[in-house]
Amino acid sequence: MVDIEKIEKRTVRSFYDDGLFEVALGLLLLLLGGYFFAQTVVPKDSRLSSVLSILFVLVIVSAGFIVSRILRLLKRRITYPRTGYVAFKKKEPSPWRKIAAAGAGALIGASLAALYALSPSVRVLLPAVNGLLFAIAVLFVANKIGVIRFYVLAAASAVIGVGVTAAGIGDTKGVSLYYGLFGAAFLLSGLAALIFYLNRFPRPAPETPEGPDAH
Amino acid sequence: MPTDVRLLSDLDRVIHEPARLALAAILSVVESADFLYLQRETGLTKGNLSSHLAKLEEAGYVAIEKTYRGRIPLTLVRLTDAGAAAYKAYRARFRKFLEKA
Numbered sequence: 001m002v003d004i005e006k007i008e009k010r011t012v013r014s015f016y017d018d019g020l021f022e023v024a025l026g027l028l029l030l031l032l033g034g035y036f037f038a039q040t041v042v043p044k045d046s047r048l049s050s051v052l053s054i055l056f057v058l059v060i061v062s063a064g065f066i067v068s069r070i071l072r073l074l075k076r077r078i079t080y081p082r083t084g085y086v087a088f089k090k091k092e093p094s095p096w097r098k099i100a101a102a103g104a105g106a107l108i109g110a111s112l113a114a115l116y117a118l119s120p121s122v123r124v125l126l127p128a129v130n131g132l133l134f135a136i137a138v139l140f141v142a143n144k145i146g147v148i149r150f151y152v153l154a155a156a157s158a159v160i161g162v163g164v165t166a167a168g169i170g171d172t173k174g175v176s177l178y179y180g181l182f183g184a185a186f187l188l189s190g191l192a193a194l195i196f197y198l199n200r201f202p203r204p205a206p207e208t209p210e211g212p213d214a215h
Numbered sequence: 001m002p003t004d005v006r007l008l009s010d011l012d013r014v015i016h017e018p019a020r021l022a023l024a025a026i027l028s029v030v031e032s033a034d035f036l037y038l039q040r041e042t043g044l045t046k047g048n049l050s051s052h053l054a055k056l057e058e059a060g061y062v063a064i065e066k067t068y069r070g071r072i073p074l075t076l077v078r079l080t081d082a083g084a085a086a087y088k089a090y091r092a093r094f095r096k097f098l099e100k101a
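Protein chains in written order, with the numbering used here: chain A, 1 to 215; chain B, 1 to 101.
Be a bit skeptical, because a hint or two may be false.
[Claimed, not checked] Computed Cβ-Cβ distance ranges for the label pairs, DEER-style: (1) 16/B to 108/A: 28 to 34 Å; (2) 40/B to 50/A: 31 to 37 Å; (3) 95/B to 141/A: 24 to 30 Å; (4) 205/A to 88/B: 51 to 57 Å; (5) 31/B to 5/A: 15 to 21 Å; (6) 38/A to 89/B: 34 to 40 Å; (7) 58/B to 96/A: 38 to 44 Å; (8) 53/A to 98/B: 22 to 28 Å; (9) 13/B to 88/A: 25 to 31 Å; (10) 55/A to 95/B: 48 to 54 Å.
Read the hints as simulated data drawn from the structure, not as lab findings. A virtual CB, placed ideally from N, CA and C, is assigned to each residue, including glycine.
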């Protein structure tokens with residue numbers, strides 16, 4: 001008997017087979033780590049420090065845009081010739097889901113802001129908080145699509161975040177180290193998946209006349 | 001006729017065939033997919049895939065678009081609204097049958 005749910009889940013999971021999503025996300029996280037590291041290097045009262053703070057949203061948005069472009073380009077060059085083209089549905093979330101997501105985001109943002117406004121002793125918890133929040137998010141995705149290595153990445157996020165906090169590296173420096181290490185973990189996981197994918201699916205020879213267009 | 005048997009006999013036969021059911025299940029979660037992707041995911045031969053897609057197209061359940069990416073021919077397949085509705089109905093009916101059985 002055909003297991004419909006298994007096929008649907010497997011189809012969604014196929015998006016992650018080539019590891020390119022992890023490579024792209026790893027690059028984005030490394031960029032974030034670099035941004036936070038720059039904040040620790042630049043003198044706090046300098047003009048550059050203010051510019052860096054103002055540019056935070058712009059950095060995130062433009063980095064996200066560039067990374068998604070790179071991901072699309074790599075998929076076109078690497079994935080589609082090997083395992084075929086597929087465009088996934090962009091699900092429009094229900095209004096309740098949007099409200100719940102906005103509420104959760106606001107709550108997390110407010111908690112982080114409150115944590116940041118508190119004494120330095122509490123601020124050192126920021127890497128652990130980031131690590132645990134990302135661990136929950138990655139765990140949610142892993143559970144939804146069933147990619148085993150995402151469970152490992154979720155565990156890595158929690159371990160890195162808590163480990164950096166326990167090492168007493170500091171708040172911003174600690175956060176930058178967390179993003180650097182977690183980004184590197186994502187990147188390595190993606191590259192390992194990509195190598196496995198490339199070995200499993202070598203680029204096929206150019207199509208013969210009875211190829212995909214034969215239908 | 002008992003309800004559970006009627007549920008089974010009323011199943012859409014175009015979709016009920018295992019290969020076409022697998023194709024409908026794949027296409028239900030994607031916007032569109034090309035021939036190579038469907039072939040790899042289902043494990044069907046080119047000929048078999050073509051014939052099952054033709055049956056689904058005949059029933060109005062899939063739309064097949066022949067296009068080019070650069071100079072490479074590309075056959076894009078997507079589930080039509082009728083196909084999506086038929087698959088959804090099949091899924092619900094089959095689940096009901098399994099619950100009753």
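Taking the hints in turn, this is what the structure says about them:
With their beta carbons about 46 Å apart, residue 16/B and residue 108/A fall outside the hinted range of 28 to 34 Å. In this structure the supplied range 31 to 37 Å is violated for residue 40/B paired with residue 50/A, their Cβ-Cβ distance being about 52 Å. A hinted range of 24 to 30 Å for the beta carbons of residue 95/B and residue 141/A is consistent with their spacing of about 26 Å. Taking the beta carbon of each, residue 205/A and residue 88/B are about 39 Å apart, not inside 51 to 57 Å as hinted.
Distance hint for residue 31/B and residue 5/A: a CB-CB separation of about 20 Å, consistent with the stated range 15 to 21 Å. Checked against the hint of 34 to 40 Å, the C-beta distance between residue 38/A and residue 89/B comes to roughly 56 Å, which is inconsistent with it. Distance hint check for residue 58/B and residue 96/A: the Cβ-Cβ separation is about 40 Å, which falls inside the suggested range of 38 to 44 Å. Evaluation of the 22 to 28 Å hint for residue 53/A and residue 98/B yields a failure: the beta carbon distance comes to about 57 Å.
The given range of 25 to 31 Å is respected by residue 13/B and residue 88/A, whose C-beta atoms sit roughly 29 Å from each other. Taking the beta carbon of each, residue 55/A and residue 95/B are about 51 Å apart, inside 48 to 54 Å as hinted.
Hints 1, 2, 4, 6 and 8 from the list above are not met by this structure, while the remaining hints are.
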